[in-house]
Every structure is written in C-alpha cells, then in structure tokens.
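> From first to last, the protein sequence lines stand for chains W and C. According to our numbering, the stretch in the first sequence is residues 1 to 104, in order. According to our numbering, the stretch in the second sequence is residues 1 to 91, in order.
FYI, nobody ran anything at the bench for these hints, they're computed from the structure. Any given hint might turn out to be false.
[Unchecked claim] Just the calculated beta-carbon pair ranges, DEER-fashion:
1) W:Ser3 to C:Leu11: 36 to 42 Å
2) W:Gly101 to C:Val24: 23 to 29 Å
3) C:Asp63 to W:Pro96: 28 to 34 Å
4) W:Ala66 to C:Leu54: 33 to 39 Å
5) C:Leu7 to W:Phe11: 16 to 22 Å
6) C:Thr12 to W:Leu69: 34 to 40 Å
7) W:Phe74 to C:Val24: 36 to 42 Å
8) W:His84 to C:Val24: 43 to 49 Å
9) C:Val67 to W:Leu8: 24 to 30 Å
Glycine included, each C-beta is placed from N, C-alpha and C at the ideal position.
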Amino acid sequence: MTSAVTVLAAFLICAGIFFLLMGAVGLIRFPDFYTRMHAAGKCDTLGSLLLLVGLATYQGFDFSSAKLLVIAVFIFFTSPTAAHAIARAAYTNRLPLWTKGERE
Amino acid sequence: MSYTFFLITSLTILFAVLLSLYRVVAGPHIIDRIIGVNVIGTKTIAVIVLTGYLFDRVEFFIDIAFVYALINFIGTLAFARYFEQKGVENS
C-alpha cells in the first residue's frame, strides 16, 4: 500500500522533471520571443505543478502536504499571469515576429 | 534510497536552470532575459522544497518556498509593467 503511493509520487516527480527539462530546451532552441514564451510559460507551470503534487503525495496526509498543495495552486494561478504580462509588454512594443525561412 | 532520489532530482533541475541561464545571458532583447529569470525562479521553488527533503526540515523550507514564489511573481510583474511603458527596443 505504502509502496504503491511512493511509486506514484516518484512517477509524478519524474514527469515534472521531464516537463521542466523540455521547457528549458525550448527556451534555448526556439527562434522567436513568442515561441519561447510558449515553451516557457506552459512547460514550467505544468512541471512545477506535477513536481509539487508528487512531493505532497510522498509526504502523505499532513500539514506540510497541505502547504505544498497551496504552493501548487498559487503557481497554477500566478505563472500564467506573469507570462501574460510579459507577452503583453512585448506585443505592445511591437516586437518583431519570426517568419518561416528566417534564421535565428 | 529516497535521499539519493531527491539529490538526483535536485541536480537535474539545477541542470535545467543552467540551460535557462543561457537565455538570460544571450537574450537579444531585455524581455528574453526577463522570461529567463522568471523560469529560473519557478525552478528555484522546486529546488528549495527538495532541499527541505534533503535536510529533513520540510516544514521550514516550504514557507521559504512560498515567500520565494510571491517575490518571483511580484518581481516579474513589476519588470513587465515597467518595460511595457518604457519600451523594449532601446534597452
């Protein structure tokens, strides 16, 4: 019973690490600001969410796991808000868009 | 066993932070650097919680992680609003 919960927590944490790494690779590889925003905003939110929920699963039913879930909910609301604010700052200042065929 | 797992997890996230640091150093515009700093801050929250598991003091490090999440959000929002009014190209 306990080992099944631990395996579930390890799986969630590994999925979170995978999304965080893919977000970092996308932040390096994509050619444009807006595509980088696409990689960073979503992958980072989902990766942190999976990792924190996995840690709360590992912790068990506790006060610390409740606080971990509160942090997860906070990240779920604030990270897209910050990404939207940055993207609006870029769009207001007419940052140039990437077109196909153009190198970085 | 769990100590080694959390250590490897922390080191992998720190490797992802190192990858994101390239965009902060070499970003063409200032706004690329801002998003790189935001991504690094979000990864740092996970690293702080994992450090709590490594040192067996989770309940203190969770509070630190919560305060760090607040500071990261407010700082990113302030930078975004500032450069929205000031302009991106001339910086």
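> The structure should be examined with respect to each hint, and the outcome stated for every one.
Hints, verified against the model:
no.	hint	verdict
1	W:Ser3 to C:Leu11: 36 to 42 Å	violated, 25 Å
2	W:Gly101 to C:Val24: 23 to 29 Å	holds, 28 Å
3	C:Asp63 to W:Pro96: 28 to 34 Å	violated, 43 Å
4	W:Ala66 to C:Leu54: 33 to 39 Å	violated, 21 Å
5	C:Leu7 to W:Phe11: 16 to 22 Å	holds, 18 Å
6	C:Thr12 to W:Leu69: 34 to 40 Å	violated, 23 Å
7	W:Phe74 to C:Val24: 36 to 42 Å	violated, 24 Å
8	W:His84 to C:Val24: 43 to 49 Å	violated, 20 Å
9	C:Val67 to W:Leu8: 24 to 30 Å	holds, 29 Å
In the structure shown, a violation is registered for the earlier hints numbered 1, 3, 4, 6, 7 and 8, in ascending order.
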